[in-house]
Amino acid sequence: MTETINQKFDLRKYSRLVSKVAPPLVINTKEELERADTEVGRLLKKGYNNLSVEKKRLLALLSRLIEDYEDRTFLTATLQRRIVARRLERVYNLACSTNQLARFVIFGSFVTAKHDPNDVDIFLLMEDAFDTNQVTGEAAIIFDHTATQNIEGASVFWIRRMAAIGGEEKAMEHWQIKRDKTKRGIVEVISDDQERSGT
Amino acid sequence: MIRNDQELEATQERIRYFQQQVEKLRQVETNPQNYRLSAGGYLAEIDRMNLEVREYLWLHPSETKDQAA
Numbered sequence: 000m001t002e003t004i005n006q007k008f009d010l011r012k013y014s015r016l017v018s019k020v021a022p023p024l025v026i027n028t029k030e031e032l033e034r035a036d037t038e039v040g041r042l043l044k045k046g047y048n049n050l051s052v053e054k055k056r057l058l059a060l061l062s063r064l065i066e067d068y069e070d071r072t073f074l075t076a077t078l079q080r081r082i083v084a085r086r087l088e089r090v091y092n093l094a095c096s097t098n099q100l101a102r103f104v105i106f107g108s109f110v111t112a113k114h115d116p117n118d119v120d121i122f123l124l125m126e127d128a129f130d131t132n133q134v135t136g137e138a139a140i141i142f143d144h145t146a147t148q149n150i151e152g153a154s155v156f157w158i159r160r161m162a163a164i165g166g167e168e169k170a171m172e173h174w175q176i177k178r179d180k181t182k183r184g185i186v187e188v189i190s191d192d193q194e195r196s197g198t
Numbered sequence: 000m001i002r003n004d005q006e007l008e009a010t011q012e013r014i015r016y017f018q019q020q021v022e023k024l025r026q027v028e029t030n031p032q033n034y035r036l037s038a039g040g041y042l043a044e045i046d047r048m049n050l051e052v053r054e055y056l057w058l059h060p061s062e063t064k065d066q067a068a
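Protein sequences, first through last, are from chains A and B.
The numbering of the first sequence is numbering that gives the first Met the number 0, which starts it at 0 and goes up by one.
The numbering of the second sequence is numbering that gives the first Met the number 0, which starts it at 0 and goes up by one.
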């Protein structure tokens with residue numbers, strides 16, 4: 000948003016505008032971000048070329064402040080997402096190590112645009128031959144809901160194929176229903192050697 | 000947190016579905032350890048949702064509106 004401004008710039012007018020809508024220094028909270036964002040929207044609605052030179056500078060300032068805030072918060076969110084993604088990868092590898100994993104579905108906040116999901120929600124559909132008595136080592140943990148929550152930071156639900164109410168597709172679809180009864184996206188993880196269409 | 004009657008209804012439906020899932024596990028899981036581990040997640044979630052329902056129903060409708068505002 001840089002340009003050569005040939006119109007006369009009125010510093011007092013600009014200062015008045017800044018004190019009215021811009022945060023004192025940098026944007027530090029979501030509320031400040033929303034205010035700045037609303038103001039940018041209001042200015043752009045008028046059409047950039049129709050703005051006074053002071054308003055154009057105000058727009059440039061607000062855009063820069065918003066970018067700065069997003070850069071800072073995105074880094075934090077990425078870190079949190081990476082931590083949760085590592086947990087997810089670990090649970091997936093442990094589930095695969097049983098050789099009895101039929102389907103692996105992720106749902107909840109991790110598969111939304113939420114910047115900082117606290118945990119990851121997983122639904123495992125296991126083959127009918129699966130028997131927890133035969134699972135040894137670390138993999139055994141992921142079939143214990145409470146232990147997985149405490150140790151791996153993941154919320155895992157699992158059943159064998161034969162226990163799926165109304166068939167496995169129906170059982171998977173259930174995880175799409177949100178509290179307000181609308182549907183949310185779910186993600187099925189398919190390994191390279193599996194040929195299956197995703198949800 | 001349940002915020003309105005529609006969410007209450009959806010939560011109650013989910014509790015019912017989870018209960019049905021546990022009932023199904025009782026029918027098909029012949030191995031007690033498989034059963035407990037598989038049902039454990041659903042039962043924990045039922046407990047959590049029942050608590051949410053209780054907390055919502057504890058409030059008078061006018062208080063629920065105050066909280067939502």
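Don't read these hints as lab results, they were simulated from the structure.
No residue lacks a Cβ here, since even glycine has one placed at the ideal position from N, Cα and C.
Incorrect hints may appear among the rest.
Unchecked claim - With a straight-line Cα cutoff of 27 Å, these simulated DSS-like cross-link-like pairs (lysine-lysine) come out: (1) A/44 with A/19; (2) A/55 with A/45; (3) A/169 with A/182; (4) A/54 with A/7; (5) A/44 with A/7; (6) B/23 with A/169; (7) B/23 with A/54; (8) A/169 with A/180; (9) A/177 with B/23; (10) A/7 with A/29; (11) B/23 with A/180; (12) A/19 with A/55.
Unchecked claim - Some chain B residues well away from chain A (every beta-carbon gap over 10 Å; in silico): (13) 1; (14) 8; (15) 28; (16) 30; (17) 32; (18) 36; (19) 40; (20) 41; (21) 49; (22) 50; (23) 53; (24) 59.
Subject >> Hint numbers not upheld by this structure, sorted from lowest to highest >> reply: Those not satisfied are hints 7, 10, 13, 14, 15, 16, 17, 18, 19, 20.
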